[in-house]
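Asker: Residue numbers (our numbering), protein chains in the order written: chain A, 14 to 271; chain B, 36 to 336; chain C, 115 to 410.
Hints were generated in silico from the structure; no laboratory data involved. Each hint should be verified, as a subset may be incorrect.
Okay, derived cross-link-like pairs now, BS3-like style, lysine-lysine, Cα gap no bigger than 30 Å in a straight line [stated by the list, open to error]:
#1 C:K130 <-> B:K235
#2 A:K162 <-> B:K178
#3 B:K229 <-> A:K162
#4 A:K113 <-> B:K229
#5 C:K218 <-> B:K47
#6 C:K130 <-> A:K137
#7 A:K216 <-> A:K85
#8 A:K162 <-> B:K235
#9 B:K326 <-> A:K119
#10 C:K178 <-> A:K26
#11 A:K137 <-> B:K326
#12 C:K254 <-> B:K150
#13 B:K229 <-> C:K218
#14 A:K106 <-> B:K235
#15 B:K326 <-> B:K235
#16 B:K235 <-> C:K124
If we take Cβ atoms under 10 Å as the criterion, some of the chain B residues that face chain A in the derived model are [what the hints assert, rightly or not]:
#17 T68
#18 S227
#19 S228
#20 K235
#21 P239
#22 S240
No residue lacks a Cβ here, since even glycine has one placed at the ideal position from N, Cα and C.
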Amino acid sequence: MSQNLNAGDVCLKVEKFNAWYDQFHALKDINMDIRKNKVTAMIGPSGCGKSTLIRCFNRMNDFIPTFRQTGKILFEGNDLSDRFIDPVEVRIKVGMVFQKQNPFPKSIADNVTYGPKIMGVRQKSRLDAIVEESLRNAALWDEVKDKLKSSALSLSGGQQQRLCIARALAMQPDVLLLDEPCSALDPIATSKIEELIIQLKEKYTILIVTHNMQQAARVSDHTAYLYLGELIEYDETTKIFTAPAQKATEDYITGRMG
Amino acid sequence: MIINSSSVQIRKIKENTVQAILFGCAIFSVFVTAGIIGVLSFETFEFFREVSIIEFFTDTQWTPLFTQKHFGIAPLLCGTFLTSAIALIVAAPLGILTSVYLSEYASPRVRRVIKPILEILAGVPTVIYGYFALLFVTPLLQKVLPDLPGFNALSPGIVMGIMILPIISSLSEDAMYAVPQSLRNAAYALGSSKLQVSFKVVIPSAFSGITASFILAISRAIGETMLVAIAAGQMPNLTLNPMESVMTMTTFIVQVSLGDTQTGTIEYKTIFAVGTMLFLLTFGLNIIGHKLRKRFREVYA
Amino acid sequence: MIQGAQPIQKIIAAQKRNEAIFRVVAIAAVAISLATLGALLFDAFSDGLRRLDWQFLTSFPSRKPERAGILAAIAGSFYVVSLTSAISIPLGIGAAVYLEEYAKNNRFNRMIEVNITNLAGVPSIIYGILGLELFVRMMKLDRSLMAGALTLSLLALPTVIISAREAIRTVPSSIRQAAYAVGATRWQTTRDHVLPLAFPGIMTGIILAISRAIGETAPLIMIGALTYVAFLPTGLDSPFTVMPIQIFNWVSRPQKGFFECAAAGIVVLLILTLMLNGLAIILRNYYQRKFSVRSL
């Protein structure tokens, strides 16, 4: 396995990580360093473990009773997969956007302020500022600034997904996880989100799971290819897509399998 | 071909006959509704030919069985409202807590044990609840409230609350269960605790379904008869004091039909006038309740 | 981290505390309902078992509480409920089959559906009023077994229809397609495949409807089921009483001795209802486990 990524601070360090659902070995001995302020894409065929892996970074697998894991994911010097670390603490620092847009059936503003309110922010002026800032960062402000009080469900699918991104940004996380964020969107909405991802990496470390290899090529700096729970190759995106070291990676990206 | 045309004919006739019979079964329910509405409106119309509709709604006394007759439904409405309100005050918080617990917290095993027990609570004949209210709950309350009379609104109200609790808890739980998991995930990913997910996301998202459960439960409480007939008393009483004895609309109907009232008398017709009020109230609430449920189901279909 | 936010450790501590408090409160709420059921059962059994004996089960009512019995009421309940089942079950299943298997999704059929939902919410005493006017007065059935059974049938009908429809709906449509594919007509498909598969579910609904019918009091008081019946019903036109009415009558008497009779009657009624409810729950759980289509 090659891991030739040069320079840059490490944000998340995955060490000897294994995961199981019941008897099924979903992730096998994963080692990878995820760099700060970069977009890291995870690609691979369905069931390869890329979604399982991304959900480990904010402990969303805790809800699955049959889920077990070994190994470490180091973040700011702590193992965030340690069961003595409260998952709430992890999720406050590591935000997530899901496959299908899932805005709360509340107003646009209430969606954005949900997290800050959980964090004890009460001051109205502060909350208003967070709404504007987050929506601007999610490139949605201009479209919704006149109807912040209307229901989030009245927005289009692409707008809803950007609202979900804004909702995650409102927490000011260090890391943003995107689990196939465009899989339910049309091409125009998709390109808007891709532009947004490229802008966001200035402030955040971004991990994106995608089925769409062109998307990985367009938005990411680094790409990891997973297959049957193993990390086959992890390198600069340009290298993966032009001169992959592994035959398996080449087969996948050229469409000979998966 | 192995089928000749005459057997196809016979088959068709048979099919059509069966379909006609089944349609008859289905349409029968419409006749029942028509029967209810027809009977109630006919006799109620007769009633209002003798009693002014203004007196019915404005008089503050209800004494149709006395020589000095008054036909003000207010005391009966008041009794019905009082017992139902007490029931809702008991059942709403307990029902919400129970449904959140069952839908969000309880393990499948706990749920499998508790849900059938709650259903049994809904299946106990109401005459038994009446006995329980009169001879167990009232004496118990009298230890705390020595002035409480043997017949009062409080005791049957509380017991009725327990009786309608399964309606609220099971319909609300259904509504909460239908809230998509993706909304819970979104809230968890923002650092929520289970309690915050339940109260800030699940309950608001299931709001119309939960409201529907309240409305259907109130409707049930308003129509409940034996419990109040046994334990609330037989005194039409324009009061909102739960410590007093009250008569509900349903109790009055039972009281009249227990006596030997002749057909065609004004006393007999009061049954139908009061019945119409009861029907309109419960029918209206049921329609609103089911509309809300349906709307809720459509949101998360 | 957000500016103006609380420290994470403080937030987590508060969350944990609230979580613990809620668990206690919620379990207390569940415990209240369970305790009430427990108290009700305990109260009825502790009062009633003293009085419940062979003499009580085999005697007719009496002016003297110690000689009173529930025989006429048991017989009356048995006859009324049997008749009610005989009327409401075929009608209810027929309506359910029509609505699930035959009805097109048009305005008229939707009206029938809404109508049935609303009928299920009509207070039982209103059915009593209908029975009083329609069966007792207009059809001149008087205060007979038949009038009582007809009234209860109308009351039970919506419950039977709704539960039968739910049961029929759980039958996968692939079964129907398989039957049609070998040339079965709609009725043959329904009779030979859909109804047998839906049978346990339909039974569950029927048992619950019967158990409710046994406990119904108000509509039978309306049609004038007598409370003092010192004989067994002799025919469809015979006057009758039922268990809940007999209990109501005893509860309404001033003498303490009759309260014991009421409690004993309640024990009999409770045992019957709980047995029927239990049977329905067991049947449904068995059925769900066997035919569950919901995975995860």
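Asker: Look at each hint and say if it fits the structure.
Answerer: These are the hints, each one checked on the structure:
no., hint, verdict
1, C:K130 <-> B:K235, "16 Å, holds"
2, A:K162 <-> B:K178, "53 Å, violated"
3, B:K229 <-> A:K162, "26 Å, holds"
4, A:K113 <-> B:K229, "22 Å, holds"
5, C:K218 <-> B:K47, "19 Å, holds"
6, C:K130 <-> A:K137, "26 Å, holds"
7, A:K216 <-> A:K85, "25 Å, holds"
8, A:K162 <-> B:K235, "17 Å, holds"
9, B:K326 <-> A:K119, "21 Å, holds"
10, C:K178 <-> A:K26, "87 Å, violated"
11, A:K137 <-> B:K326, "36 Å, violated"
12, C:K254 <-> B:K150, "44 Å, violated"
13, B:K229 <-> C:K218, "44 Å, violated"
14, A:K106 <-> B:K235, "21 Å, holds"
15, B:K326 <-> B:K235, "24 Å, holds"
16, B:K235 <-> C:K124, "20 Å, holds"
17, T68, "35 Å, violated"
18, S227, "6 Å, holds"
19, S228, "7 Å, holds"
20, K235, "7 Å, holds"
21, P239, "7 Å, holds"
22, S240, "5 Å, holds"
Hint compliance for this structure: hints 2, 10, 11, 12, 13, 17 are not met, and every other hint is.
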